[in-house]
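**Student:** Here are the chains, one letter per residue:
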Amino acid sequence: DGGITQSPKYLFRKEGQNVTLSCEQNLNHDAMYWYRQDPGQGLRLIYYSQIVNDFQKGDIAEGYSVSREKKESFPLTVTSAQKNPTAFYLCASSMDRRYSNQPQHFGDGTRLSIL
Amino acid sequence: AQSVTQLDSQVPVFEEAPVELRCNYSSSVSVYLFWYVQYPNQGLQLLLKYLSGSTLVKGINGFEAEFNKSQTSFHLRKPSVHISDTAEYFCAVSDRSSSASKIIFGSGTRLSIRP
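Going line by line, the protein sequences match chains D and R.
With the working numbering as the guide, the letters of the first sequence map in order to residues 1 to 115.
With the working numbering as the guide, the letters of the second sequence map in order to residues 1 to 115.
FYI, nobody ran anything at the bench for these hints, they're computed from the structure.
None of the values given here were measured: they were computed from a predicted structure.
We treat Cβ as the ideally placed atom computed from N, Cα and C, and that holds for glycine.
Please note that the accuracy of each hint is not assured.
To be verified - When the alpha-carbon atoms are kept at most 25 Å apart in a straight line, the in silico BS3-like pairs for lysine-lysine are as follows:
{"hint": "1", "chain 1": "D", "residue 1": "Lys70", "chain 2": "R", "residue 2": "Lys58"}
{"hint": "2", "chain 1": "R", "residue 1": "Lys102", "chain 2": "D", "residue 2": "Lys57"}
{"hint": "3", "chain 1": "D", "residue 1": "Lys70", "chain 2": "D", "residue 2": "Lys9"}
What the hints assert, rightly or not - Negatives, chain R to chain D, calculated, CB over 12 Å:
{"hint": "4", "residue": "Gln10"}
{"hint": "5", "residue": "Leu44"}
{"hint": "6", "residue": "Asn61"}
{"hint": "7", "residue": "Glu88"}
{"hint": "8", "residue": "Ala92"}
{"hint": "9", "residue": "Lys102"}
{"hint": "10", "residue": "Phe105"}
Unchecked claim - Label pairs and their in silico Cβ distance ranges:
{"hint": "11", "chain 1": "R", "residue 1": "Ser28", "chain 2": "D", "residue 2": "Asp54", "range": "34 to 40 Å"}
{"hint": "12", "chain 1": "D", "residue 1": "Gly3", "chain 2": "R", "residue 2": "Ser9", "range": "25 to 31 Å"}
{"hint": "13", "chain 1": "D", "residue 1": "Asp54", "chain 2": "R", "residue 2": "Leu56", "range": "35 to 41 Å"}
{"hint": "14", "chain 1": "D", "residue 1": "Lys70", "chain 2": "R", "residue 2": "Thr72", "range": "38 to 44 Å"}
Construct the entire structure; sequences and hints are all you get.
**Tutor:** Below is the structure:
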């Protein structure tokens, strides 16, 4: 079955540590996205990528970094500069980067907490 | 720029009762509209979408929504809810004229079903 796989499901970060969240899709989708979800705030866009080797900042990119070396993969690094990283992180993809009528498909998320 | 307002953060209803989850959007351009559902500790799943045509859209699990352009609303309804409908529901909008498939999400409505 095609879908989006996020790993790990739970992750703990120590002070001053960078951590990387994995997102892999086998849907052959062009576009991929990272969202942060906090209680009562809905989803906020961190970064998105419309094509391999290209990505753009979303609304809350500070303290995060991404790469898009392969179409299937879009890892997110939460750096030590992100002072409040505790949240639920969701990865998504959509079929065609050129059209805004494409619904997004989501992974099951990674819950990041501070030790 | 678009924005989405979900007027109720929580909606409690009894099993087998009807429910309406309200969504209003703001945009200076034409939009596409979506409703997603999120079960605990999972990602979001598409319930339904409005792209064009009939303003009454039917989705999965017996849900439907009506696009009202004059009131800039896209309320979600179900005539009879089940315990399994307990989840968080997100309304979302994207800009028809955009060349990128970005979606703006509302803050969510938590639907709780009482037996």
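**Student:** Next step is simple, just say for each hint if it's right about the structure.
**Tutor:** A quick look at each hint next to the structure:
no. : hint                          : verdict
1   : D:Lys70 / R:Lys58             : violated, 36 Å
2   : R:Lys102 / D:Lys57            : holds, 12 Å
3   : D:Lys70 / D:Lys9              : holds, 22 Å
4   : Gln10                         : violated, 10 Å
5   : Leu44                         : violated, 5 Å
6   : Asn61                         : holds, 16 Å
7   : Glu88                         : violated, 9 Å
8   : Ala92                         : violated, 8 Å
9   : Lys102                        : violated, 7 Å
10  : Phe105                        : violated, 4 Å
11  : R:Ser28 / D:Asp54: 34 to 40 Å : violated, 27 Å
12  : D:Gly3 / R:Ser9: 25 to 31 Å   : holds, 30 Å
13  : D:Asp54 / R:Leu56: 35 to 41 Å : holds, 39 Å
14  : D:Lys70 / R:Thr72: 38 to 44 Å : holds, 40 Å
Violation of the numbered hints given earlier is confined to hints 1, 4, 5, 7, 8, 9, 10 and 11; the remaining hints are satisfied by the structure.
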